[in-house]
Amino acid sequence: MRAQKSTSGVGSALRAWLGFSLLIVAQFGVRPLLAARASVDFAVIAVLFSAVRMRPGFAALTGFATGLALDALAPGSFGASALVLSLIAFGASWLKAVFFADHVALTGLFVFGAKWLFDVAMAMLTGVGSGASLLVALLLWAPLSAALTAVVAVLLLVLFRPLYRPQSL
Amino acid sequence: MARNVRGEGRLDTGLVLVCVALAVLALLSPRRSRDEVAAVLRASVLSPLVQLEARASGVRAAIVARNDLLTTRGRAVADTLSLRAISDENATLRKLLGLSARLQDGFVPAEVLPSRGGDEFTINLTVGSNVGVQPFLPVVTADGLVGMVESVDQGSSSVIMWAHPDFRVSGMSVDQNAFGIVQPHLATGPERWLLEMRGVPFRAKLDSGTLIVSSGLGATYPRGIPVGTVIGELNTPEKWARTYLVKPAVLPENIGPVLVLMPGRSQRGVNGVWTSVAAADSAARAVAAAGDSVARAAALDELAARRAAFDSLLADSLAAGDTIGGGLGTRLPARLPMRADSVKRDSVRRDSVARRPTAGRN
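Line by line, the protein sequences are chains A and B. Counting from 1, position 166 in the first sequence corresponds to residue 165 in numbering that gives the first Met the number 0; the numbering is continuous, with no gaps. Counting from 1, position 239 in the second sequence corresponds to residue 238 in numbering that gives the first Met the number 0; the numbering is continuous, with no gaps.
Source of the hints: derived by calculation from the structure; they are not laboratory data. If you're wondering where the values come from, they're calculated on a predicted model, not measured in any experiment. Careful, some of the hints might be misleading.
To be verified - A few chain A positions that, by computed beta-carbon distances, are all more than 10 Å from chain B:
# : residue
1 : F89
2 : L124
3 : G128
Said to hold, decoys possible - Listed next, with one range per pair, are the computed distances between beta-carbon atoms:
#  : chain 1 : residue 1 : chain 2 : residue 2 : range
4  : A       : G10       : B       : A61       : 45 to 53 Å
5  : A       : G126      : B       : L21       : 17 to 25 Å
6  : B       : A90       : A       : G75       : 34 to 42 Å
7  : A       : L108      : B       : E35       : 16 to 24 Å
8  : B       : E7        : A       : L133      : 17 to 25 Å
9  : A       : P161      : B       : E35       : 52 to 60 Å
10 : A       : A131      : B       : E7        : 43 to 51 Å
11 : A       : G75       : B       : D78       : 26 to 34 Å
12 : B       : A61       : A       : P142      : 37 to 45 Å
13 : B       : A77       : A       : L105      : 27 to 35 Å
14 : B       : E7        : A       : G10       : 21 to 29 Å
15 : B       : A53       : A       : G75       : 29 to 37 Å
C-beta atoms are modelled at their ideal positions from N, C-alpha and C, and glycine is treated no differently.
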């Protein structure tokens, strides 16, 4: 019984890492093809989907590593993504453990909020834009991008449920 | 159990604090250090992702470049087409400007209004009775006759073109040898857009290419407006008169801005206005005819001179034979003191050449 549970846990972990890897590959392989002001952030989805399966500490570590990868490709704001994604992943893992059940709509809302928070925090940390352009970026493009990311996250959750089903690792 | 949970909580807190501390350190570190760390990461663990991103960006750039190329190509084609249209319009306006300068006064320039899908042989102009346009006034372009004003409103007028079944104009050849009535050629197909000149006297034969102008007979069209050029003769049952097929001077696709000739201008005539066209035709014929007559005269003169030279040589040789003792039948000297071309046999009549041995025998 214990061996069967252990095998199931390993399989779940493998599927989780496969799903995470696919999303990271999509972040670097698909996102550039869809270059637009409001675009899907696969990295945020990957961090959130993995964070809800992990302990908050490991989720923060995953967010930090993912953020560092993003920062390495944009050295101007090196460390900003790592900081924000660490906190988001930690918070997501903690909130999921406390509040959320396995609910698609709630997951969409969760992704939307996380992505918007990520964009707001990045805008504050990197200091890009000011005045009206910053307001437009934070109140127009960031919500649009967050909504798009949430829609894709929900679609992924529905279509690839074995990969992205919330389950403790 | 509680201690275990508390320990895990501490671990989570410790991990997140470490992550935050490292991130803040990276954020606050000097730019050079950040760049070095980023470069090391890109060259090592992130190398596959960097290549993947570069490839995706390349594909994106290729798609954008393809779109740009198609857009540029489409714009170039559109520009070329509009340039050609502008060039044609420019040429038409320049010609019309020249016509206006030659007419000097007594005309109203007008634009053709877009077709409203009615009669294809009627056009509408942007001028009307407010500028003095009346029915039956001739409408012309720099190429020649377009038609006649049929009806007039306050600000527009309707014009029947030369292709209209009711259109008639008295025409003549530019040398004034042939007169007739020019009217639409009521055939089917593309030939519908030709004219025919009927009632030309049988003795007046017109060559293809002959320019036909308005004769001025009748009160509508003044004399000398180009109507078209003769293409060929038509076979008709009328044996006492000829009918010619005429290519219109103003082709339908070239009808743009036009001039309406006012009554005073029509009465004064338009002699010299289309002079370049009529004169060019008649001048070309005159030059050709003059060239022919000059060449003919030169040839006759040369022939006469050769005859005279040959006759004088023959007389000299005969005289020399008598006096020196060669007697009759002596041969001509091998080298005659004359130019080689002056005895070219093909240019001298056979009977004059044949006179020498006869004379020698006698």
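Enumerated hints in conflict with the structure, sorted upward: The structure conflicts with hints 1, 2, 4, 6, 7, 8, 9, 11, 12, 13, 15, although it agrees with all the remaining ones.
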